[in-house]
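A.B. asks: Sequence:
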Amino acid sequence: MTEKKPAYLRHEDWVERQLREARQRGAFDNLEGAGKPLRNLDRPFTAEQWAQDWVERSGGDMHAFLPPLLILRKERAALLAALPTVGSEEVLRETIADFNHRLLDQYRRPMDGPLIAVGVIDADETVALWRQVRPAPEPVPPPKPTPTKPNWFTRLRNRVSNWRFGASGG
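According to the numbering used here, the sequence shown is numbered sequentially starting from 1.
If you're looking for bench data, these hints aren't it; they were derived computationally from the structure.
Given the structure is predicted, the values throughout are model-derived calculations rather than measurements.
Don't take each hint at face value.
Unchecked claim - For each label pair, taking beta carbons as the anchor points, the in silico distance ranges come out as:
#, residue 1, residue 2, range
1, Glu3, Arg39, 30 to 38 angstroms
2, Tyr107, Gly35, 35 to 43 angstroms
3, Pro110, Ala136, 26 to 34 angstroms
4, Gly119, Gly35, 46 to 54 angstroms
5, Glu75, Ala27, 40 to 48 angstroms
6, Pro110, Arg20, 18 to 26 angstroms
7, Phe65, Pro110, 18 to 26 angstroms
8, Gln18, Pro110, 44 to 52 angstroms
9, Met111, Ala27, 46 to 54 angstroms
By construction, the Cβ of each residue, glycine as well, lies at the ideal position given by its N, Cα and C atoms.
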């Protein structure tokens, strides 16, 4: 539809002509959902439902529709469930501090909806729990002893003794 509408044609006639030509070219053949009934025609249309459908079609994340405290509650549960996968105590403490900071910041804001109780995470208790649930570190094998090279005096003494007693070698 790159051409402009001629001035002598009515708008409806021009649109109908564009549709007819596209149909003849086969532009509407093999479209996704062809021959299938339209979904949700029995439900009333709402803006929220349209937004949800649009996010699902585009592969987006539905967390944007949740209240902020509910998002933080889910994040808290996920953080506590993933304790065994945390690599170090320092990373765990930084993650907890960041979560607690964002949670308290959200509580200080005016509420947009119902109050959802989300507890602050105690860093010391969580670190103690992390120590209990994390897999034991694999023992580090002792380093293999490196063969030491004899000093110059020992090498000279061995050569002299080999020479005196007729042993060959070097």
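A.B. asks: In this structure, is the beta-carbon distance linking Pro110 and Ala136 contained in 26 to 34 angstroms?
C.D. replies: violated (47 angstroms)
A.B. asks: Does the Cβ distance between Gly119 and Gly35 fall inside 46 to 54 angstroms?
C.D. replies: For Gly119 and Gly35 the Cβ distance comes to about 53 angstroms; the hint holds.
A.B. asks: Can you tell me whether the CB distance of Gln18 to Pro110 sits inside 44 to 52 angstroms?
C.D. replies: Holds, at about 51 angstroms.
A.B. asks: Evaluate the given range 18 to 26 angstroms for the C-beta pair formed by Pro110 and Arg20.
C.D. replies: violated (56 angstroms)
A.B. asks: Falls inside 35 to 43 angstroms, the C-beta gap from Tyr107 to Gly35?
C.D. replies: Roughly 53 angstroms apart at Cβ, these two residues miss the hinted range, so it is violated.
A.B. asks: Does the hinted range 40 to 48 angstroms hold for Glu75 and Ala27 at CB?
C.D. replies: Given range 40 to 48 angstroms: holds, Cβ gap about 46 angstroms.
A.B. asks: Quick check: does the Cβ-Cβ distance between Phe65 and Pro110 fall within 18 to 26 angstroms?
C.D. replies: 19 angstroms Cβ-Cβ, so the 18 to 26 angstroms window holds.
A.B. asks: Between Met111 and Ala27, does the beta-carbon spacing fit 46 to 54 angstroms?
C.D. replies: Roughly 51 angstroms apart at Cβ, these two residues keep to the hinted range, so it holds.
A.B. asks: Using the Cβ atoms, figure out if Glu3 sits within 30 to 38 angstroms of Arg39.
C.D. replies: holds (34 angstroms)
Checked against the numbered hints above, the structure violates hints 2, 3, 6; every other hint is satisfied.
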